[in-house]
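Participant: Sequence:
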Amino acid sequence: MGFEGIILAVITAIAGAGAGVWWGRKSLLERQQQEGQSAIVKASNDAKAILDKSEAEAKTAVANAEREAQSRLEEADAKITRRRREMDDEDERIQRRRNELDKRLERLEQREQNQNKRQSRLDKKENEINKAEEEKIEKLQVIAQMTIDEARQELLDAIELDARNDMARIIRQVEAEARETADNRARSLIAMAIQRLASEQVSEVSVSIVPLPSDDMKGRIIGRNGRNIRSFEIATGVDVVVDDTPEAITISSFDPVRREVAKRTMAKLVTDGRIHPARIEKLVEDTRAEVDQITREEGERAAYETGVHGLNMEVIKLLGQLKFRSSYGQNQHAHAIETAHIAGMIAMELGANVDIAKAGGLLHDIGKAIDHNVEGTHALIGADFIKRYGAHKDVVNCVAAHHHEVEKECVEAYIVEAADAISGARPGARRESLDSYIRRVKQLEEISNSFEGVEQSYALQAGREVRIIVRPEVVDDYSAIQLARDIAKRIEEDMQYPGQIKVHVIRETRRVEYAR
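Each residue of the sequence shown is one higher than the one before, starting from 20 at the first, in this note's numbering.
Watch out, some of these pointers could steer you wrong.
[As the list claims (entries may be wrong)] With a cut-off of at most 25 Å between alpha-carbon atoms, the simulated DSS-like pairs for lysine-lysine come out as follows:
1) Lys-143 - Lys-158
2) Lys-461 - Lys-521
3) Lys-287 - Lys-237
4) Lys-427 - Lys-412
5) Lys-287 - Lys-301
6) Lys-336 - Lys-301
7) Lys-155 - Lys-144
8) Lys-336 - Lys-406
9) Lys-521 - Lys-508
10) Lys-61 - Lys-72
11) Lys-150 - Lys-237
12) Lys-336 - Lys-287
13) Lys-155 - Lys-143
14) Lys-336 - Lys-461
15) Lys-143 - Lys-122
16) Lys-461 - Lys-508
17) Lys-406 - Lys-427
18) Lys-158 - Lys-144
19) Lys-78 - Lys-67
20) Lys-150 - Lys-136
It should be emphasised that the hints constitute simulated quantities derived from the structure, not laboratory data.
Note that this is a predicted model, so its numbers are computed, not measured.
Kindly produce the complete structure, drawing on both the sequences and the hints.
Facilitator: Here it is, written out as structure tokens:
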């Protein structure tokens, strides 16, 4: 086979293959056409079935919609009919109301007409009454010989007089109540101040008695020809009395500081035993310095204890000299401290200036330390002294006015005066006040014992309470209540006392038996 034969064979093979491919494609196309036609027929059948089904459902939906629409229309017709019926009823009610209003308006118009007629009759009647009253008033004026204005004025005068009498009575009642309230408040404040202070009884007295170890010492004190006693009196400025009093001599001087210096000097001379003019002069100078130191310390202690600060040193020294002065047995230094405490507590309760009240109370009697050297009362002397050393003007007024020698310019001056009286008048402060206090307590027990059925009575708490024991067979429980009231009333009527007194009635029954 040659090359051409090979080519021919290849071409033949290619042609055969191409024919085979073409035939295969043709067969495939035919099959696809057949399948497509079958699918189209099937899809057409399905579509027709769906359309039939949709038509059936659409008819059903249309029928349901028609029925629902018909139902809605019927409901709407029913509502419209009901609403129309309600509107008809409402119109009917409105019409009836309108008719009623028309009738009421007619009645009101008729009533107004009747009222006008009645008012006309009333006006006519009123005119007649006024005319009759005028005639009556004219007749009354003729009879009383007095015009209306004069009668009115007389009536007003009578009413005013009654009103003034009532007003005066009310004013007196209010003043009495205010006075009673003020007295009770004052008693309460004073009792509170005394109770809070709780000071001891002031019994210290600056005496001028110097004890001696023996009567032989009197001769040594007098000295040869009296030179020792004469030197002592010249150096100290006091009078030495040597009398028949056993083992004691008396030192007399109007100046309490001199008397204190002389007393201490004499005590040192008696203790030392060396008594001659040179020794006397040396001890007198030393004792004066010692007393000056004591007075300064006592003044500082008083200011510190009462809380009064800023005092001049000269004022403090003079305040300390009150340590050696007494009045009615009451030490003036202790009295000044006590007055300052009381004044401060009262000022605190009343809302006043506590510092001014304390300073005024502490310095109110400072003039007593110099009143023997300067002419005038101790209140004015003390006020001038502390004013010279820069004291506050209200403190000066408190000192000057505590004995009513000048007018009081501040409330603290009244407080200081009251505190001074309280400190001097409280039980145990002074000897003469102690006697009156004892008499008051005895009177309290005597009043209690004067009632029937009282077995024993005891005055307690410095006379602020009386405890009464009654006989149970005479006084029952109800009578005990009445007895307490009667005793309290009798005490109020017969006694003068600060604060209040508690009446305590005790009734108890005791039975004793013996077992044999």
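Participant: Hint by hint, say whether it matches the structure.
Facilitator: Verification of the hints:
no. : hint              : verdict
1   : Lys-143 - Lys-158 : 23 Å, holds
2   : Lys-461 - Lys-521 : 16 Å, holds
3   : Lys-287 - Lys-237 : 14 Å, holds
4   : Lys-427 - Lys-412 : 11 Å, holds
5   : Lys-287 - Lys-301 : 11 Å, holds
6   : Lys-336 - Lys-301 : 23 Å, holds
7   : Lys-155 - Lys-144 : 16 Å, holds
8   : Lys-336 - Lys-406 : 15 Å, holds
9   : Lys-521 - Lys-508 : 12 Å, holds
10  : Lys-61 - Lys-72   : 16 Å, holds
11  : Lys-150 - Lys-237 : 120 Å, violated
12  : Lys-336 - Lys-287 : 24 Å, holds
13  : Lys-155 - Lys-143 : 18 Å, holds
14  : Lys-336 - Lys-461 : 43 Å, violated
15  : Lys-143 - Lys-122 : 32 Å, violated
16  : Lys-461 - Lys-508 : 17 Å, holds
17  : Lys-406 - Lys-427 : 16 Å, holds
18  : Lys-158 - Lys-144 : 21 Å, holds
19  : Lys-78 - Lys-67   : 16 Å, holds
20  : Lys-150 - Lys-136 : 21 Å, holds
Of the numbered hints given earlier, the model fails hints 11, 14, 15; all others are met.
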